[in-house]
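Student: Heads up: the protein sequence lines correspond to chains U and V, in order.
Here the first sequence is numbered in this note's numbering, starting from 1 and rising by one per residue.
Here the second sequence is numbered in this note's numbering, starting from 1001 and rising by one per residue.
It is worth saying that the hints were derived from the structure and are not from the lab.
Quick reminder that beta carbons are idealized off the backbone N, C-alpha and C, glycines included.
There could be a bad hint or two in this list.
In silico contact screen, one side only, chain U against chain V (beta carbon under 8 Å); selected entries [unchecked claim]:
(1) 26
(2) 30
(3) 51
(4) 86
(5) 90
(6) 92
(7) 95
(8) 98
The calculated lysine-lysine pairs, modelled on DSBU-like cross-linking and capped at a C-alpha distance of 35 Å, are [stated by the list, open to error]:
(9) 1013/V to 13/U
(10) 1015/V to 1077/V
(11) 77/U to 1013/V
(12) 1011/V to 27/U
(13) 11/U to 1077/V
(14) 1035/V to 15/U
(15) 1077/V to 35/U
(16) 1015/V to 35/U
2 protein chains.
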Amino acid sequence: MATTPVTVFAKWKVKAGNMPVVLKLLKELHAASVKEEGNLFYQVHQSRTDNNTLILTEGYTDEVSQQAHINSAHFKKLAIDQIIPLLDEREVTLTSPIEV
Amino acid sequence: MATTPVTVFAKWKVKAGNMPVVLKLLKELHAASVKEEGNLFYQVHQSRTDNNTLILTEGYTDEVSQQAHINSAHFKKLAIDQIIPLLDEREVTLTSPIEV
């Protein structure tokens, strides 16, 4: 069964004042995530019009690898337990790259 | 003055039934956009949970190149005049990639 890569877009609105802590935790999460077997890339972007908005783009070889990421110990310890409570909003979209 | 690359995230919700036409126009817009001097990349993604949602990621060497893109004849003719009227929603975020 051919698998297709998954690209995840996560848009985070960080609560005012929490950005330094979020970036510190994100550094740790990024370092652990890029070591995952199915990770293709993990990039962080900051909005040019709202410093409290980050957009993460993460690539995985397939859905199994993406699921392994969100079930990992580091995702639980860093994202679920520490980063997400520091956010005002979090919007995650799972996509597939398409050729046009 | 050091310039920083710009990454654009454009989230399109396509009106039901318009996806084939949007993809046809997007093919033409993509082909013209990647030829622009300041273009770094132009990728299209389709949501895995809502087929009518596309996320475009576009990279530009700097803000001047990104502005040149939205002021180009092909952006006017294809995006403004034809694609955007076929969308229910359009959310564009200009970002800078950051190291964590």
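Student: Against this structure, judge whether each hint is valid.
Tutor: Hint by hint, here is what the structure shows:
1. 26: Given a least distance of 5 Å, the restraint on residue 26/U holds.
2. 30: 5 Å, holds
3. 51: Constraint on residue 51/U not satisfied, violated at 10 Å.
4. 86: Given a least distance of 15 Å, the restraint on residue 86/U is violated.
5. 90: Violated: closest Cβ of chain V sits about 15 Å from residue 90/U, beyond 8 Å.
6. 92: Violated: closest Cβ of chain V sits about 10 Å from residue 92/U, beyond 8 Å.
7. 95: 4 Å, holds
8. 98: 5 Å, holds
9. 1013/V to 13/U: With Cα atoms ~21 Å apart, residue 1013/V and residue 13/U stay inside 35 Å; holds.
10. 1015/V to 1077/V: 19 Å, holds
11. 77/U to 1013/V: Cα-Cα ~34 Å, so holds.
12. 1011/V to 27/U: With a Cα-Cα distance of about 26 Å, the restraint between residue 1011/V and residue 27/U holds, given a limit of 35 Å.
13. 11/U to 1077/V: 30 Å, holds
14. 1035/V to 15/U: 39 Å, violated
15. 1077/V to 35/U: 44 Å, violated
16. 1015/V to 35/U: The given pair, whose Cα atoms are some 39 Å apart, is violated under the 35 Å limit.
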